[in-house]
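Student: Letter by letter, the chains look like this.
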Amino acid sequence: MTTSSPSSPRRNTSVTASNGGDRGECASRNTSGCAAAVIEGCKTGDRLAQKELYDEFREKIFRLALRMVGPQDAPDVLQQVFLQTYRNIRQYSGRSSFSTWLYRLAINECLQFRRRERRPGRESLASEPIDRSPSHAMHAQRQELLEQALQRLDPELRVIFLLREVDGLPYSEIATALKIPQGTVGSRLNRARQQLREHLVQLGWEP
Amino acid sequence: MSSFHDHELQPAFEAEVREHIGQCVECSRRLAEFGEISRMTAELRNPSAPASVWPDLRSKLDHVPQTRPTPVLGSIRRRRRAFGMAIAASLVLALFSWGLLAWWRQSYDHDHISVAANFGRYLSEFDQNPEQAQLALVSNYDGRVVDLEEAARTLRYPPVAPEMLPNGFARDRIYLLKMPCCLCVQTIYKNEAGDRLAVFEHVDDQPHWFGDRPIVTAQCHGTPTSLVQVDDRLAATWKRQQRFITLIGLRGVEEVTQLVSFFDQADSAREQL
Chain A
1 MTTSSPSSPR RNTSVTASNG GDRGECASRN TSGCAAAVIE GCKTGDRLAQ KELYDEFREK
61 IFRLALRMVG PQDAPDVLQQ VFLQTYRNIR QYSGRSSFST WLYRLAINEC LQFRRRERRP
121 GRESLASEPI DRSPSHAMHA QRQELLEQAL QRLDPELRVI FLLREVDGLP YSEIATALKI
181 PQGTVGSRLN RARQQLREHL VQLGWEP
Chain B
1001 MSSFHDHELQ PAFEAEVREH IGQCVECSRR LAEFGEISRM TAELRNPSAP ASVWPDLRSK
1061 LDHVPQTRPT PVLGSIRRRR RAFGMAIAAS LVLALFSWGL LAWWRQSYDH DHISVAANFG
1121 RYLSEFDQNP EQAQLALVSN YDGRVVDLEE AARTLRYPPV APEMLPNGFA RDRIYLLKMP
1181 CCLCVQTIYK NEAGDRLAVF EHVDDQPHWF GDRPIVTAQC HGTPTSLVQV DDRLAATWKR
1241 QQRFITLIGL RGVEEVTQLV SFFDQADSAR EQL
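Protein sequence lines correspond, in order, to chains A and B. Taking the working numbering as reference, the numbering of the first sequence is continuous, increasing by one, and the terminal residue is 207. Taking the working numbering as reference, the numbering of the second sequence is continuous, increasing by one, and the terminal residue is 1273.
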């Protein structure tokens, strides 16, 4: 849902028609980080609006799912998150930002998936083939260590760490997404980082 | 420490924590490690979502009806039956809602949000209007004044309530409070300058007492201690043996360190006896 993507095939036709006029593309984004018109379009089942919403958030949600359920199951979880989003989007009232609402849904889906499947995070991303050239060896080794350490982290702590460090969410948004007080975000992040450090050291990291 | 690392502290508190970190080797080392972990995380590879997800998703969406068909009743009898069922369903729903509301009201006081609100008021008024703050806390949590013996008898352990604390603080009163977390002992200390300190001893860590206030963890006298800024005072929580100590009304990190050290030495002295 970028404003400058010339290749975007987006609507102009059916979407505009379905709303009785131009939705102003994404230039008029609200505080949710997503144009209100796109959300409204999704509420009416507009396929192009749904695609636009998907394109806007798919990478963020996929990143999260990847490290919560593993690379094998992440595409299924991504699909499930968006199915749930489209089914429940009428419940989105606009009180929190849309991305926070979506993150909450995605976090629940990831945690539910893990509980349902009753298996740990399984293979980390580090098990995928990566560039082994000497110039990348050190870099790749650090990445591998961190991916493995992340998989050892408790899922409740891992998710809060990922929201902050990978997605860069402020404490206020994390608190809203997880329905916990803002103070608890700081203390849990502290625990996540300390445990992550311990796991890294166990894996051979030298700070 | 995380709140400081993530620039989530209020500026005044951030400056105080920065000053502490400048003098504390342990905190400085931990902060450097947090920074290194952040740099490593920023370097992680983030593969893109597979292109096949959207076609699959669209296919599933195409097989889900977007709007529900409008029900059409064929006869007056069916309409009456539907009307009766709607009334019955409404009554069941109303009864269920009433029960749910009653349950919600009963359990509301035990909810963290309620504790955060009550304790938030206590914290806000502790400095300016301590008597009123105490009255409200006692009223909310069925508090009562006890002596040390009664407190120990009721709690089945000797509470942490020495007669004197550093900086001329003398024990004024001991309260037992029925907090949602546990039966909590609170000891009020006063000094000649008119300052007050409140010492809570509780079973579990209670970060939600501080609501949305940022919590930072620092090593005070070698003990991981959670610090919360409350106006121009500090609140501090640390684990002491099997329970947690929370102090309200501290004037700075130095005083926190002094008191953590004091309680630690008191414990060591007790163990040697």
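Accuracy of the hints is not assured; some may be wrong.
Calculated pairs, SDA-like style, for lysine to any residue (alpha carbon to alpha carbon, straight line, at most 20 Å) [what the hints assert, rightly or not]:
#1 A:179 - A:92
#2 B:1060 - A:194
#3 B:1060 - A:179
#4 A:60 - B:1113
#5 A:60 - B:1120
#6 A:179 - B:1062
#7 B:1190 - A:179
#8 B:1239 - A:45
#9 A:179 - B:1113
#10 A:43 - B:1041
#11 A:179 - B:1114
#12 A:60 - B:1239
#13 A:60 - B:1045
#14 A:60 - B:1055
#15 A:60 - B:1039
#16 A:60 - B:1050
#17 B:1190 - A:73
#18 A:60 - B:1127
#19 A:179 - B:1120
#20 A:43 - B:1048
#21 A:60 - B:1051
If you're looking for bench data, these hints aren't it; they were derived computationally from the structure.
Student: Each of the hints needs a verdict: does it hold here or not?
Tutor: Right, here's what the structure says about each hint:
| no. | hint | in the structure |
| --- | --- | --- |
| 1 | A:179 - A:92 | 16 Å, holds |
| 2 | B:1060 - A:194 | 42 Å, violated |
| 3 | B:1060 - A:179 | 30 Å, violated |
| 4 | A:60 - B:1113 | 30 Å, violated |
| 5 | A:60 - B:1120 | 35 Å, violated |
| 6 | A:179 - B:1062 | 33 Å, violated |
| 7 | B:1190 - A:179 | 38 Å, violated |
| 8 | B:1239 - A:45 | 53 Å, violated |
| 9 | A:179 - B:1113 | 11 Å, holds |
| 10 | A:43 - B:1041 | 36 Å, violated |
| 11 | A:179 - B:1114 | 15 Å, holds |
| 12 | A:60 - B:1239 | 38 Å, violated |
| 13 | A:60 - B:1045 | 13 Å, holds |
| 14 | A:60 - B:1055 | 19 Å, holds |
| 15 | A:60 - B:1039 | 19 Å, holds |
| 16 | A:60 - B:1050 | 13 Å, holds |
| 17 | B:1190 - A:73 | 60 Å, violated |
| 18 | A:60 - B:1127 | 45 Å, violated |
| 19 | A:179 - B:1120 | 18 Å, holds |
| 20 | A:43 - B:1048 | 27 Å, violated |
| 21 | A:60 - B:1051 | 15 Å, holds |
In summary, the numbered hints that this structure violates are 2, 3, 4, 5, 6, 7, 8, 10, 12, 17, 18, 20.
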